[in-house]
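Asker: In the order they appear, the protein sequences are chains V and Y. If you count the first sequence from 1, position 15 lands on 15 in full-length UniProt numbering, and the numbers rise without skipping. If you count the second sequence from 1, position 115 lands on 115 in full-length UniProt numbering, and the numbers rise without skipping.
It should be emphasised that the hints constitute simulated quantities derived from the structure, not laboratory data. Take the hints with a grain of salt, since some may be wrong.
Distance windows between CB atoms, simulated [what the hints assert, rightly or not]:
hint : chain 1 : residue 1 : chain 2 : residue 2 : range
1    : V       : Ala297    : Y       : Glu51     : 41 to 47 Å
2    : V       : Asp90     : Y       : Lys26     : 46 to 52 Å
3    : V       : Ala297    : Y       : Arg142    : 53 to 59 Å
4    : V       : Lys295    : Y       : Gly14     : 55 to 61 Å
5    : Y       : Lys55     : V       : Ile403    : 17 to 23 Å
6    : V       : Leu79     : Y       : Lys55     : 40 to 46 Å
7    : Y       : Cys49     : V       : Gly343    : 48 to 54 Å
8    : Y       : Leu126    : V       : Pro405    : 34 to 40 Å
9    : Y       : Cys49     : V       : Asp423    : 45 to 51 Å
10   : V       : His235    : Y       : Thr88     : 34 to 40 Å
11   : Y       : Leu31     : V       : Asp352    : 54 to 60 Å
12   : V       : Ala301    : Y       : Ala17     : 32 to 38 Å
13   : Y       : Leu126    : V       : Ala301    : 25 to 31 Å
14   : V       : Pro405    : Y       : Asp97     : 20 to 26 Å
Glycine is no exception: its CB is placed at the ideal position from the N, C-alpha and C atoms.
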Amino acid sequence: MKKMLYRLFPSLLVLALPAAALAETTVSSTSIMRFRQNDLPGFDKKTMVPVTEFVGLDATKLADGNLSAHIYGWGQVELADRDSNDTKTDGNLTYGYLQYRFKSANAQAKAGRFFVNEGILNEQVDGVGARTDLPYGFAISGFGGATVHTTSIPYAGNDGKGDGIWGGRMSYRYAGKLEVGLAGVYESTAPMPKTSPTLPTAFGDHRLIGYDLYLNPHPMLQLSGQTSYNPTTEHIAENSYLLQLRPLKDLAVGATWEEHHDRDYFFDSLLFSNMVRNLSQQSHSLGATATYTFKVAEVSADFKHYTRDIGKAERFGGEVRSNSLFNNTVRAGVSYHYLRSSGDFAIVPASDASGSFHEIRGWAMRDTKTYFASGDVIAYVFKEKVDNKDAAWEGTASVGYHITPQLAVSGDISYGQNPDYNDELKGLIRVTYNFTAKGGSK
Amino acid sequence: MNRLKIFPVLALFGLIALSAACAQMKALPNLPATHPEELAEGPVSCSECHEDQQKGTLKPYAAFNHTRIFIQNHRFYASTDNTTLCATCHKVSFCADCHTNKTVIKPAEMLSDRPDRMAPHRGDFLTMHKIEGKLDPESCYRCHGRANNGRCVACHR
């Protein structure tokens, strides 16, 4: 039944597409051809030329004008040697759904494959969903259907997900100053791995409840965040909160506090629950960011302190970026951050190792009616050498031409050096096409 | 017996309440499906135009100014307003550039012609994730936790 639903909704969507001819339709396509050559001692030389096509279609104003169809996905074919991690051809329907927007209360209903991002919930579903505002500041949303399965973990023989999923959120808002939401998700029993190094009690069903909060008692003060609880492990999984102050119109200061209990937070992930053994349970972080917006640039400074069972670390730095240089045709930015961490965070933990590094980045881009170009350089400079390398860096240059306002062709070339490669040279050709057609009047 | 008598009364009361709520819902306005004016590329400041237009339960537009703090913490805003306010300017495919269940190309590479977008996994992230993953695995989990991306599975067994 669930498999039938899994196929039924996307099929319905495809059947509905002829009606798109009458609608306002936007098609977006990005074709990317990448070039990579691997020549490692002891291995065969490989040339990889994957061609990836991303296609999106949004057809609005269907039927009575309130129905719309939305599809997005990708397909890839490898023209040369296959990477050991990839198949020769691959593809994915990221989302594909019909949506009906009612005339009031921001009410809408969906059917097909779609993402659910409501309060503490982040799901992908093949099924149906709906939401609406209610009187007196209340709102309600719900969804249900088949789980979207993903890559199986080789040792497990499955992806660790149950076949059915449902959930929803109820919220209350008061005058744009307060919002409190209660949300929950229930996924049917997770399949147990055939063989697994996972701790027996570390992995299980995807079930979560929690609340989210938004509080804006004064224009200068804002608090938002969420807490989730895992009813299976009977523990809090996550606390994440952001406090923002706006003492001046152009100055914003944000402080974050996050706490995770990883056995409870990673419990529903076959992949991550297995890592808890190395990561342990507790994790806290405290951070602060200050941003000042000048006329042509935004300047920010940030700091974050991490406390984990395995050690402590802190990251600090700043960034300057502008989106409006040279009559708004040039955007540019520079940033610097330093991560100071103990050897416990090093790639290979050891008493004389270090997980500390500097991160330096600079970029600029120019977009005109005819051509566009960008340059981007990023370097990670290690405090202690990694695989005998002082740094990992990469520079990327991209040049493109707008053949028409809808069609553009661009090419990238990037070169870098890092612990894995003495030289890493990559190329990419990109064709983008964005087209909007307005159908017949209704 | 008393329970049987009270049930129709409760049902009637519920029906009246539901009808009243439905009638009131017609008075609740929709946000527009799309932003009425085309916006420039890059981060926007909603409050440049919407400073004093807050109505009903709508949150202040200034809260959605795309500052660095907003972009770093956009999940808090998307989790409450993505199908309404965010959707007036952003198509779901904009979110899916990074947030998807099956990735074929890392976001920073896919968007290499748009260095202004804060796409994750820039540069040699294959090396760096061995440090970042120990430091903040929860940030990895938000996208990769239940996606079991093929490339993760290749090493993390």
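Asker: If I claimed the Cβ atoms of lysine 295 of chain V and glycine 14 of chain Y lie 55 to 61 Å apart, would that claim hold in this structure?
Answerer: Holds: the Cβ-Cβ distance is about 57 Å, inside 55 to 61 Å.
Asker: Determine whether the Cβ-Cβ distance between alanine 301 of chain V and alanine 17 of chain Y falls within the hinted range of 32 to 38 Å.
Answerer: Given a distance of about 52 Å, which is not inside 32 to 38 Å, the answer is violated.
Asker: Between histidine 235 of chain V and threonine 88 of chain Y, does the beta-carbon spacing fit 34 to 40 Å?
Answerer: Distance hint for histidine 235 of chain V, threonine 88 of chain Y holds at roughly 38 Å.
Asker: Look at the Cβ atoms of leucine 31 of chain Y and aspartate 352 of chain V and judge whether their distance stays inside 54 to 60 Å.
Answerer: At roughly 57 Å between Cβ atoms, aspartate 352 of chain V and leucine 31 of chain Y fall inside 54 to 60 Å, so the hint holds.
Asker: Indicate whether the distance between the beta carbons of proline 405 of chain V and aspartate 97 of chain Y respects the range 20 to 26 Å.
Answerer: Roughly 21 Å apart at Cβ, these two residues keep to the hinted range, so it holds.
Asker: Quick check: does the Cβ-Cβ distance between leucine 126 of chain Y and proline 405 of chain V fall within 34 to 40 Å?
Answerer: holds (37 Å)
Asker: Is it true that alanine 297 of chain V and glutamate 51 of chain Y lie within 41 to 47 Å of each other by Cβ?
Answerer: Distance hint for alanine 297 of chain V, glutamate 51 of chain Y is violated at roughly 22 Å.
Asker: Between leucine 126 of chain Y and alanine 301 of chain V, does the beta-carbon spacing fit 25 to 31 Å?
Answerer: holds (29 Å)
Asker: Within 40 to 46 Å or not, the Cβ separation of leucine 79 of chain V and lysine 55 of chain Y?
Answerer: violated (54 Å)
Asker: Could you say whether the range 17 to 23 Å given as a hint is met by the Cβ separation of lysine 55 of chain Y and isoleucine 403 of chain V?
Answerer: violated (43 Å)
Asker: May I ask you to test the hint 48 to 54 Å on the CB atoms belonging to cysteine 49 of chain Y and glycine 343 of chain V?
Answerer: holds (51 Å)
Asker: Tell me if the beta carbons of cysteine 49 of chain Y and aspartate 423 of chain V are separated by a distance inside 45 to 51 Å.
Answerer: Taking Cβ atoms as reference, cysteine 49 of chain Y and aspartate 423 of chain V lie about 49 Å apart, which means the hint holds.
Violation of the numbered hints given earlier is confined to hints 1, 3, 5, 6 and 12; the remaining hints are satisfied by the structure.
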